[in-house]
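What follows is the residue order along each chain.
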Amino acid sequence: MRISFQEELDTLQSTLLEEGQLVLRALRGAINALEQRDPELADEVIAFDDEVDRQYFAIQEGIQSLLARQTPVAVDLRLVLAMLHTNLHLERTADYCVTIAKLTKLVYDISPDPKLVEAFEEMASRGEEMIRVALDSFAKRDLAVAETLVDLDESIDLANRRVVQHILALGSNPALREWGLRMIIVSRCLERIGDHAVDIGEQTAYLVTGEFREFTDASHPGSPAS
Amino acid sequence: MTGVTPIEVAQAREPRAAHPNREVVFQVRDLAALYGTSPAVRGVTFDIYRNMVTAIIGPSGCGKSTFIRCLNRMNDLVPGARVEGEILHHGQNLYGDGIDPVQVRRWIGMVFQRPNPFPKSIYDNVAWGLKVHGLKDDLDGRVERALQSAALWDEVKDRLRGNALGLSGGQQQRLCIARAIAVEPEVILMDEPASALDPIATTRIEDLMHELKNQYTIVIVTHNMQQAARVADMTAFFSLEVDPDGQRTGVLIEYDETPKIFTQPSDKRTEDYVTGRFG
Amino acid sequence: MPTATSRLYAVGGDRRLRRRKLVNRLMEIAAMTSALLAVAILAIVVISVLQHGIGALSLDFFTRSPQPFGVAGGGLANAFVGSLMLVAVATAMALPVGVGVAIFVTEFASRRVAGPIRLALDVLNGLPSIVLGIFLFTLVVAAHGQSGLAASTALAIVMLPLVARSTQEVLLLAPASLREAGLALGAARWRTIIGIILPTSLGGILTGTTLAVARAAGETAPLLFTSSLLASNDISANPRHPLFSVPLAIFELSESPEPADHAKAWAASFVLISFILVTSLAARAALGRSRRKLGRVG
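These protein sequence lines map, in sequence, to chains A, B and C. Mapping of the first sequence onto the working numbering: position 9 corresponds to residue 9, and the numbering continues sequentially without gaps. Mapping of the second sequence onto the working numbering: position 119 corresponds to residue 1119, and the numbering continues sequentially without gaps. Mapping of the third sequence onto the working numbering: position 250 corresponds to residue 2250, and the numbering continues sequentially without gaps.
Hints were generated in silico from the structure; no laboratory data involved. No residue lacks a Cβ here, since even glycine has one placed at the ideal position from N, Cα and C. Some hints here could point you the wrong way.
Simulated restraints, written as ranges between beta carbons of each label pair [as the list claims (entries may be wrong)]:
1) B:Q1148 / A:L143: 37 to 47 angstroms
2) B:N1163 / C:A2231: 52 to 62 angstroms
3) B:G1096 / A:I3: 33 to 43 angstroms
4) B:K1157 / C:R2289: 50 to 60 angstroms
5) B:Q1215 / A:E61: 22 to 32 angstroms
6) B:E1084 / A:E61: 36 to 46 angstroms
7) C:P2096 / B:R1082: 48 to 58 angstroms
To list a few chain B residues with every Cβ distance to chain C over 10 angstroms, as calculated [said to hold, decoys possible]:
8) L1034
9) Y1035
10) G1061
11) N1093
12) I1099
13) S1195
14) D1198
15) I1200
16) H1210
17) K1213
18) P1244
19) D1245
20) G1246
21) Q1264
22) D1267
23) R1277
Whenever a hint applies, use it, and build me the whole structure from the sequences.
This is the structure:
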């Protein structure tokens, strides 16, 4: 029943998950550009954002059209709203990748602190994993998997704080100081990407339970997730 | 770490074109339909496209039914009914000199608001039209295919000789659809086809329209604009205009792709109607 | 508005209420009495006919021709056969024309034309059958002599309005949506009428025909002018010659001096009444069935 409606929902979902794949590629590209100090790769990452934006607008329009024409209710409505938010989070994530790439272009000629680069690689990997887990939990409607994102995010937050400490102790070399300043922003971007992955997980929870809630509340740190 | 298994990831997904096949089936040009001297609709001009569902919406009394009945000259049956302007079907004016209305209805079929199966068996209901038009080869096969296309075959295949009037309302309406498509028309007109049916039967008819449009061109009149939003590719909004003498006539206000009509209509009157602020 | 002191529904002792109830009761009794009276009249007629005629009912009555005057025995076989033939030929003439008229009036005629035609049919219905008899006498019998055909023609004219009226009623019963459905399939008007409307109307047409047959079987006046001078008492079914008939038999036998003939007349009357009773029941059953078939639409 309502075949065309179901087809539309399925198409929107697959477009969303494709967008997720594109975002993962952008993230991997941005980190590789940073590690390899490759400004051309960075430019590619920046240009690639147009593709993500295309998906973003397509999904926006698709959701608008679907809401207007099919008047979804219950689980269908929650799915559409969850997709709307997830779409936004993915687009913001892609923007952060662009920011990382732009910063790479600014400081590629400065010799980096290898320990920090290693830390970034770890944070980025963690971020990639979180995006994958979030999208997977969304596709499978798996609440338990979504909730694991909180712990994964913990480690990125800790790594972020360590990076900041390390950068503050870098010393007075001006070039290195400039590099350090930029890298704080990179670290922040990666930390925010982790947060967006958690937000996508929260959308999965909303989809499954119908409740609006955050896994953790930033203004009440340490309070339990459930 | 679990890999993502998305529902469908095509690496190179071609964008879905809005309406790739825009072949014109009807060209309505300045059409007016009158009963006696007072026009029920006037000044109607737009094109209807092949293999699409085109919905006609609007408040009651705005001439929707009158208009759709002009498309297959069913309006001729009303004494005193007259038509001005043109309806070109593949370039030929349906109201031109020498055009036989019976021939018109051969290619442009109609399904009505209240299901009206003949008081015959289910088989005979579908077969009657076939016999009239001499499509007697493989009669059984044609009847079965028509009932399949109308999503009714499974429910009636064991009682084809039973009385059609013993079916439920939704089944009767699908039988009427089967009857209409058995003679292989080009166009199927539907005048509020689901308004006499319960919601489940309605959804079935809507799903059917989605299937049928691959083979036929469908024009439907509906007073339920959500239905138009769900099923139609193109939507035409009719409303009433009151002229200085107080005479009310139906006119076409806006005609566009359905998503546009329901997300950002060009005319304020359309917006007032679809948002339910008037109508 | 009811207040604390007044009540909405008066109980028991209200004078106006009692009088209303009494009047109701009286009206009920009066209506019932009328109904009983009507039924009683029919019962009296049937019972007295049966009483007088039962003696003459026998197998011979139905299978043998009348004996010459003064000879005992014999039956009315020639009358039964003759009536059968006369009515059959009359039906064959009246049915197609009656149905045709009805189709024309309901499907093709404009309101201006349909009105006068309906009026004509009503007048024809009320025309005294003796007038039809004289008419056919002058037109046919005077020049060519009596015949069963002339009699059947007169009976057909009697039957025509009945068939036409019943057919018309049942054609109007067929909903316009059926006609629309047929036309929307690209079928021509006549195709729709013959293929869809007529088949659904068969019950009503049968009813009308049955009623017309019942009426025609009992008509006497036209027969006097067109089919009363018989050559012999043999059983004949040749419409080119005058045929004996049951109403004529009743008429002639009742004038006979022979008491046995009177009994035969009563018996024939009883057969006629039975025939009308059976056909009326059959007609009602047929109409009920066709109403049910059409009534389940939608």
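Next item on the list: Taking the numbered hints from earlier one at a time, note which ones the structure violates and give those numbers from smallest to largest.
Entry: 4, 7
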